[in-house]
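Chemist: Listed here are the chains, written in short residue letters.
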Amino acid sequence: MTSEERQEPVQGQEQGREKPQDLRPHDVARPGRFGDFGGRYVPEALIPALEELDEARQKAAVDPAFTEELARLHRTYTGRPSILTEVPRFAEHCGGVRVLLKREDLNHTGSHKINNVLAQALLTVRMGKRRVIAETGAGQHGVATATAAALLGLDCTVYMGKVDTERQALNVARMRMLGAEVVAVEHGSATLKDAINEALRDWVTNVETTHYLIGTVTGPHPFPEMVRDFHKIIGEEAREQVAELTGGLPDAVIACVGGGSNAMGIFHAFIPDRQVRLIGVEAGGEGIESGRHAARFASASPGVLHGAMSYLMQDDDGQTVESHSISAGLDYPSVGPEHAYLRDSGRAEYRYATDDQVMVAFDLLCKTEGIIPAIESAHALAGAMEVGREIAAECGPTAASETVLLINLSGRGDKDMHTAAEYFGLLPGEDEGRGTGVRA
Amino acid sequence: MSVREVLDRCAAQGRPALIAYLPVGYPTVEGSIAAMRAVVESGADIVEVGVPYSDPVMDGAVIQEAAETALARGVRVDDAFAAVSAVRESGGTPVVMSYYNIVLHRGVARFAADLSAAGGAGLITPDLIPDEAGDWIEASDAYHLDRIFLVAPSSTPERLAAVTSACRGFVYAASTMGVTGVRSEVGDAAADLVERVRAVTDLPVCVGLGVSTGDQAAAVGAFADGVIVGSALVRALKADLDPAGGNTGELDPDLRTLRSTTAELADGVRRARTTTGSR
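Protein sequence lines, in the order shown, are assigned to chains V and H. Take the first sequence: its letter number 292 is residue 292 in the numbering used here, and every next letter is one higher. Take the second sequence: its letter number 184 is residue 184 in the numbering used here, and every next letter is one higher.
So here's chain V without its partners, still in its complex pose (with noise of 0.2 Å):
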């Protein structure tokens, strides 16, 4: 188990990870499992490869040889810590509450993404293993990964449903350039979720030499809970960075939520704290009444995919059922374990956000702040948008003043251009478009 020092003493230390009693996501005797989510669905071939990683990462999180390194990564190649940036003028149209960005998007490579790439290709080297693999949606982790690889001198195959190759060809040119092969993956329905398949089918056949680099908060244990170590160092920075800024904690702690690593990231530290709020937001599509969306807590039910136990879409059969978002990286269609056990105990709330209110607010902070966030990230502003209006409504304008909501801007919007261009209709030639909506 992974720890890092906290500052102030916090009850119930459980195998050296801090714990409030009432809320006890690992279960002692079923390791891997947050409540009832979570565990190991996977092909045995895969199991000794699982148990290897689970050793190596246990290990490693003791040895200053891989913790140092891994901090000096973080220090001189990723850019860390990311600074925290306030937005009194976006921050204007959320009610009137405070609005501090935890800056992740300025990492290198763009997105938190990396924090978790270069732990587990470290991880890979110690193992030795001389190959990564990656499953990508938008392409931002298939990047970090390639990224990291060619720092590492790995071998790296990225898994891309040929839909999404085609969304986001500036990306397969970036990671060619760093040296990557890109499959494209054409089954089924050639997005995130088959080449996850395809990842899966290529690291049963050469799991000896090969390491399948997960990218999110999900897959069967330990990578629900090693990417959600290797993501926490947001919130652990975000906490002290809000208290060197407020002199306390956040009311509220909002990222958007796909797979949930850039959430689980930030809400880590803050689970202890019961008084902040903790916020995810999935991907409203074009609402649950369309069926087109990734909003899994509004309607899906548990279920297995890719290894977890978790919210799952799925039809009557238990076949699953495809999500659609205007962000490609929240466009899958099962959620992290541990979203689904904070979410079933109550500690974290869920909401979504559509295509157009995402739009909104992802043109509002360009307007605003001059900060353009990638369009998941967008989610969690429109999130705030939302709760800072409801507090305001609820609290009145001078208890909104004093509330302080911590939003993870978890990437930066360079890859979507093309998306936006086309929303907003900005491409010399065209139309007008919907317009971009905001003149603050």
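Simulated from the structure, these hints should not be mistaken for laboratory data. Mixed in with the good hints there might be a few duds.
Distance windows between CB atoms, simulated [unchecked claim]:
1. M1/H - G153/V: 55 to 61 Å
2. A61/H - R72/V: 41 to 47 Å
3. A61/H - T67/V: 53 to 59 Å
4. D8/H - R131/V: 43 to 49 Å
5. T274/H - E55/V: 45 to 51 Å
6. D344/V - G91/H: 47 to 53 Å
According to the in silico footprint, chain V covers these stretches of chain H (three or more CB under 8 Å from chain V) [stated by the list, open to error]:
7. 118 to 131
8. 149 to 158
The following residues of chain V were derived to be distant from chain H, with all beta-carbon distances above 10 Å [as the list claims (entries may be wrong)]:
9. R40
10. E68
11. R72
12. P81
13. G96
14. H187
15. R201
16. L305
17. Q314
18. R347
19. Q357
20. K367
21. D414
A quick note: this is a predicted structure, and the numbers were derived from the prediction, not measured. Where is the CB? At the ideal position from N, CA and C, for every residue including glycine.
With chain V's structure known, arrange chain H on it following the hints.
Modeler: Only chain H this time, still in chain V's reference frame:
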């Protein structure tokens, strides 16, 4: 007849069993049931009725495509139970192969009840390990169903002992590291794995993944209690589509390619332990 009785009967005949996999719903539900009857008539001892699944991570291209076709044409889980009944009526012994979410979503106990009622002998679970199978172990005990878990060349001796102790009927040994598909050769890993499995259990050991020809069936059958063939049969069934040419989606009513492929494999298992059996 139970799976174990079939395997014992084959053993008494001095040969391994031929276990034929076909997915229900490919090319249609009726076509797949006709195909299952045909493989029984052509010498398959056990039929593995595959339930098409949207995310089949243990399957290679041939079975993936068949599953996609079946799902696109609206196959349902209920159709698998109808296929199980049909196999039973035609004198074969049916087991079901299903990814776990299909079982979980129906309700593990209800799935077991339906499988038992249809005449199914047991269930093969490619993505369920015994460690996660508490509900299924309980339900399969209640309904006297065989539960067939997989072992792989990567399995440690400890895993082999743990997995085989949870199995009933037979142990499914994956011949190679990888997914289902036709391979030009089935390597030595299979023989080594079967030997390691026999060191920890008395259960029959059947080998799957990669077997496609009579000679391969004979070679694998020399050391295994059963030879499992999937992709090669699905490919043969595909070849029986559109016998008159064109792209009509019509199935050869005689299923000639499927029958001849099955007969070749059945011949293979029958010469597996004779001196003429080839490696």
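Chemist: Please name the hints from earlier in the document that this structure breaks, with their numbers sorted from lowest to highest.
Modeler: 3, 9, 14, 15, 16 and 17
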